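S.K.: Sequences and hints are given; from them, build the entire structure.
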Amino acid sequence: MEAFFLVLQFLADPYHLAIIAGGTLVGLIVGALPGLGSVILIALMLPFVVRMDPTTGIALCAIVYCATTYGGSITAILINTPGTPAAAMTTFDGFPLAQKGEAGRALGIATFSSAIGGILGILVMIVATPLLAQVAYQFGPAEFFALAVFGMSMLASISGASMTKNFIGGAFGILLATVGTDLTTGVQRFTFGQPDLYEGVAVVQIMIGIFAGGELLRQATQAHLKRRLIAAGVTKLPSREDFRRIWKTVLRSTGIGTFIGILPAEGGKVAAMIAYNEEQRWNKKRRGQFGKGAIEGVAAPEAANNAATGGTMVPTLALGIPGGGSTAIILTAMLILGLRPGPQLFVEQPNLLAGIFGAMLGANICFLVYGMVGAKFFSRITLVPTTILWPCVICLACLGAYSFQQSMFDVGVMVFFACLGYFLNRHGYAPAPIVMGLILGELIETSLKQSYLIYDGNLFAILQQPIAAMFLLLSMFGLCGPLIAKAIGAYRDRQAAHLRGNDE
Amino acid sequence: MSTSQTHAKPIDRTLLFESIFIMVFATAMFATTYTFDKVPAILAQGIQPTVFPRAVLVVMFLLAALQAFKATRLTPQQVSDLKPVKAVPPIVFLTAGLLMAFAALMPIIGTFPAIVLFLPALALLWGERRGLLMSLSFLGFLGFAYVLFGLIMNVPLP
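Protein sequences appear in the order of chains A and E. Last residue of the first sequence: 504 in our numbering, with the numbers rising by one and none dropped. Last residue of the second sequence: 158 in our numbering, with the numbers rising by one and none dropped.
Among the hints, a few may not be true.
Below, simulated SDA-like cross-link-like pairs (lysine to any residue); rule was C-alpha separation at most 25 Å, straight line [what the hints assert, rightly or not]: (1) A/K486 with E/L82; (2) E/K38 with A/L183; (3) E/K83 with A/G428; (4) E/K70 with A/A485; (5) A/K486 with E/S80; (6) A/K486 with E/K83; (7) E/K83 with A/Q406; (8) E/K9 with A/T164; (9) A/K486 with E/Q77; (10) E/K83 with A/A490; (11) A/K486 with E/F69; (12) E/K70 with E/F25; (13) E/K38 with A/E442; (14) E/K86 with A/T81; (15) E/K9 with A/R494; (16) E/K70 with A/L479; (17) E/K70 with A/I488; (18) E/K70 with A/A430; (19) E/K38 with A/P195; (20) A/K248 with A/K285; (21) E/K86 with A/R426; (22) E/K86 with E/G97; (23) E/K70 with A/Y491; (24) E/K9 with A/A487; (25) E/K38 with A/G457; (26) E/K86 with A/Q222; (27) E/K83 with A/A430; (28) E/K83 with A/H427.
A few chain E positions that, by computed beta-carbon distances, are all more than 10 Å from chain A [claimed, not checked]: (29) K9; (30) V24; (31) L74; (32) V79; (33) L82; (34) K83; (35) I109; (36) G110; (37) G131; (38) L151; (39) L157.
By construction, these hints were calculated from the structure, which means they are not laboratory data. Since we're looking at a predicted model, the values are computed, not measured. Quick reminder that beta carbons are idealized off the backbone N, C-alpha and C, glycines included.
M.R.: Given below as structure tokens:
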């Protein structure tokens with residue numbers, strides 16, 4: 001109850017309301033621009049956020065995270081290009097609806113589903129985060145080690161070219177985390193005599209480079225593409241019949257989105273994908289209409305990806321394990337600001353948490369209003385030429401990288417990781433696993449060393465701790481799950497082929 | 001992905017080369033760990049600073065080896081899915097070159113003169129020819145960058 005009171009108190013402050021209104025507007029604009037998304041925006045914002053007061057800075061990150069997730073649906077519906085990866089599934093039915101002349105209806109469904117999914121996801125977050133944090137009170141080094149391993153094991157199921165590539169990316173990220181002076185012994189590792197590396201690699205610059213810089217080089221190959229706005233109708237409210245049709249879909253997808261979001265490393269994209277597939281499975285009446293303009297096909301991914309924004313914040317705030325790419329950057333910002341996520345945060349910083357919850361809640365309500373009133377305007381933003389936008393974005397990235405420590409070395413690191421990010425992405429090594437490894441690497445090494453000391457060199461003692469054993473077991477499931485699913489799929493295919501052969 | 005047609009079994013050569021590159025990288029980094037200072041066992045508290053990075057590199061090497069193995073054992077479905085690899089378009093290298101030049105010019109001629117050169121150069125490289133649009137947009141951006149970094153954040157830019 002006290003948490004809700006603090007949230008309301010945060011929302012009653014006109015300064016915070018202005019931050020919510022402004023942050024949501026920026027988030028919507030950026031979300032509507034194909035290529036840019038919450039990850040790039042938050043990475044670019046990091047140099048500014050770390051200069052703000054912690055509550056406002058982290059709340060602002062949370063606001064743009066919510067707003068960009070919704071903003072991606074506008075372009076998905078109107079120009080068949082998802083503004084963010086999480087909106088990719090929305091194109092399947094949103095664009096066909098727009099082609100039928102029902103763009104307004106599709107945008108209305110997307111706006112309402114996003115807002116309802118987002119708000120319910122945040123309510124779950126408000127309840128679940130403190131509960132999970134209570135559990136974290138019982139965590140020692142062994143449990144944190146097992147939890148971090150569990151977080152890394154989820155790389156097996158995140159979208160990407162292959163599971164092996166995700167793990168190689170994760171290992172590379174962990175290796176990057178070992179660069180610098182070892183805190184236990186003072187030994188320099190992989191510094192190659194470069195003083196700028198003594199304190200470790202610059203995480204912020206790597207993130208800006210790998211996400212924004214890598215995307216710039218990818219956009220270089222697509223600068224000639226012309227985008228065509230199919231329809232730009234003012235958003236209209238979905239009819240009562242539409243609501244009757246989608247309410248179950250929205251609730252179901254919100255549940256899926258929140259659950260997927262809570263799992264470390266998973267995010268809105270996976271949530272939207274699963275929610276869409278589940279909706280097709282559950283909605284037997286309209287199964288044939290999916291992909292041709294079913295409103296359930298718009299509602300399901302939008303409710304799920306926005307619900308996932310709340311879900312991904314749960315492990316981030318309660319355990320310090322990022323729920324996805326955007327929350328990994330938010331977590332970095334928190335660590336730079338001297339905030340250590342976990343149970344202590346709830347005792348020491350209740351206002352910060354109320355700020356994050358309130359800001360996300362406010363952002364969802366705010367984009368509902370913006371979406372209904374200004375969808376026509378946001379759809380026009382998608383037509384900003386890439387040739388003008390991206391040079392400005394990359395300049396901002398370079399200046400941001402420099403401003404962090406006023407070091408040209410940092411700009412060099414950013415440029416290097418921009419080139420590396422492009423080539424890694426080209427060969428199917430997604431940036432998200434690298435960032436996960438980079439963030440969890442230190443936790444894995446530190447907790448492993450502490451466990452080694454506590455259990456007197458017997459690391460098998462970790463398995464005797466019930467919570468740690470449970471997480472390691474879950475890690476095994478996380479690793480084997482996709483392989484088992486693949487094997488079952490292959491078996492079913494063989495059976496089906498066999499049956500077809502018998503019929504013929 | 002490109003395949004080798006001369007072999008009895010098709011090979012995903014791109015994936016194989018990638019894997020070999022990763023294995024070489026992991027080996028080189030592993031060798032680098034031998035250059036780390038050694039510390040007395042009491043100071044290292046049981047685990048030397050080389051142990052963890054080496055373990056990560058071994059995992060990386062094994063994953064790359066697994067990937068290399070998979071590249072040589074393709075299923076018929078994977079063979080049919082293979083597409084020829086397109087070369088990296090020259091514009092990517094030119095864009096990367098411009099970005100490096102911008103970073104190199106920043107401390108030499110100053111941040112804002114470097115931006116004034118970089119923005120139109122990149123836009124022109126990408127095929128933008130609308131002079132008025134470029135002038136107005138980039139002037140607006142310069143003003144925004146000056147207000148944000150120079151006045152609000154008070155960053156001493158080079």
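S.K.: Against each hint, give a clear statement of whether it holds in the structure.
M.R.: We went through each hint and held it up to the structure:
Between A/K486 and E/L82, the direct Cα distance comes to roughly 19 Å. Compliance with the 25 Å bound is thereby established for this hinted pair. Annotation: proposed proximity of E/K38 to A/L183 holds, straight-line Cα distance about 14 Å (limit 25 Å). Under the criterion of a C-alpha separation no larger than 25 Å, the hint pairing E/K83 with A/G428 is consistent with the structure, at around 14 Å. Only pairs whose Cα atoms come within 25 Å are accepted, and E/K70 paired with A/A485 is accepted, the gap being roughly 19 Å.
Taken as a hint, the A/K486 and E/S80 pair is honoured in the structure, with Cα atoms around 19 Å apart against an allowance of 25 Å. This hinted pair checks out: A/K486 and E/K83 have alpha carbons roughly 22 Å apart, not beyond 25 Å. Of the supplied pair hints, the one linking E/K83 and A/Q406 is violated, its CA atoms being roughly 45 Å apart against a limit of 25 Å. Among the hinted pairs, E/K9 with A/T164 is consistent with the structure: their alpha-carbon atoms are about 22 Å apart, no more than 25 Å.
Taken as a hint, the A/K486 and E/Q77 pair is honoured in the structure, with Cα atoms around 14 Å apart against an allowance of 25 Å. Under the criterion of a C-alpha separation no larger than 25 Å, the hint pairing E/K83 with A/A490 is consistent with the structure, at around 22 Å. With a C-alpha separation of about 19 Å, the suggested pair A/K486 and E/F69 falls inside the 25 Å cut-off, and the hint holds. As the CA atoms of E/K70 and E/F25 are separated by approximately 19 Å, the hinted pair is consistent with the 25 Å bound.
For the suggested pair E/K38 and A/E442, the alpha carbons sit about 21 Å apart, so the restraint of at most 25 Å is met. Between E/K86 and A/T81, the direct Cα distance comes to roughly 23 Å. Compliance with the 25 Å bound is thereby established for this hinted pair. For the given pair, E/K9 sits about 22 Å from A/R494 by alpha-carbon distance, which is consistent with the 25 Å threshold. A distance of roughly 18 Å separates the Cα atoms of E/K70 and A/L479; the hinted pair therefore holds under the 25 Å criterion.
Restraint check for E/K70 and A/I488: satisfied, since their Cα atoms lie roughly 20 Å apart, inside the 25 Å limit. For the hint linking E/K70 to A/A430, the alpha-carbon distance of about 19 Å falls within 25 Å, and the restraint holds. Distance check on the hinted pair: E/K38 and A/P195 sit about 20 Å apart at the alpha-carbon level, within 25 Å; holds. Of the pairs offered as hints, the one joining A/K248 and A/K285 holds, with about 13 Å between alpha carbons and a cut-off of 25 Å not exceeded.
Between E/K86 and A/R426, the direct Cα distance comes to roughly 10 Å. Compliance with the 25 Å bound is thereby established for this hinted pair. With a CA separation close to 20 Å, the supplied pair E/K86 and E/G97 stays within the 25 Å bound. Restraint check: the Cα-Cα separation between E/K70 and A/Y491 comes to about 20 Å, which is no more than 25 Å; the hinted pair holds. A distance of roughly 23 Å separates the Cα atoms of E/K9 and A/A487; the hinted pair therefore holds under the 25 Å criterion.
Between the alpha carbons of E/K38 and A/G457 the distance comes to roughly 19 Å, so the proposed pair stays at or under 25 Å and holds. Among the hinted pairs, E/K86 with A/Q222 is consistent with the structure: their alpha-carbon atoms are about 15 Å apart, no more than 25 Å. Of the supplied pair hints, the one linking E/K83 and A/A430 holds, its CA atoms being roughly 20 Å apart against a limit of 25 Å. Distance hint between E/K83 and A/H427 is fulfilled; the C-alpha atoms sit about 13 Å from each other, no more than 25 Å.
Remark: the non-interface label on E/K9 is consistent with the geometry, its nearest Cβ contact in chain A lying 20 Å away (cut-off 10 Å). Chain A leaves E/V24 outside its interface by the beta-carbon criterion, the shortest separation being 13 Å against a cut-off of 10 Å. Residue placement check: E/L74 keeps its beta carbon more than 10 Å from all beta carbons of chain A (closest about 13 Å). Taking the minimum C-beta to C-beta distance to chain A, about 16 Å, the non-interface status of E/V79 holds against the 10 Å cut.
Against the 10 Å criterion, E/L82 stays outside the reach of chain A, whose nearest CB is about 13 Å from its own CB. Look at E/K83: its CB is around 13 Å from the nearest CB on chain A, clear of 10 Å, so calling it non-interface holds up. Distance check for E/I109 against chain A: the nearest CB is about 13 Å away, which clears 10 Å, and the non-interface claim stands. No Cβ of chain A comes within 10 Å of the Cβ of E/G110; the nearest lies about 12 Å off, and the non-interface call holds.
Consistency note on E/G131: stated as away from chain A, and its beta-carbon is indeed over 10 Å from all of that chain's, at 12 Å minimum. Every C-beta of chain A lies more than 10 Å from that of E/L151, the closest at about 13 Å, which supports listing it as non-interface. Distance check for E/L157 against chain A: the nearest CB is about 7 Å away, which does not clear 10 Å, and the non-interface claim fails.
Violation of the numbered hints given earlier is confined to hints 7, 39; the remaining hints are satisfied by the structure.
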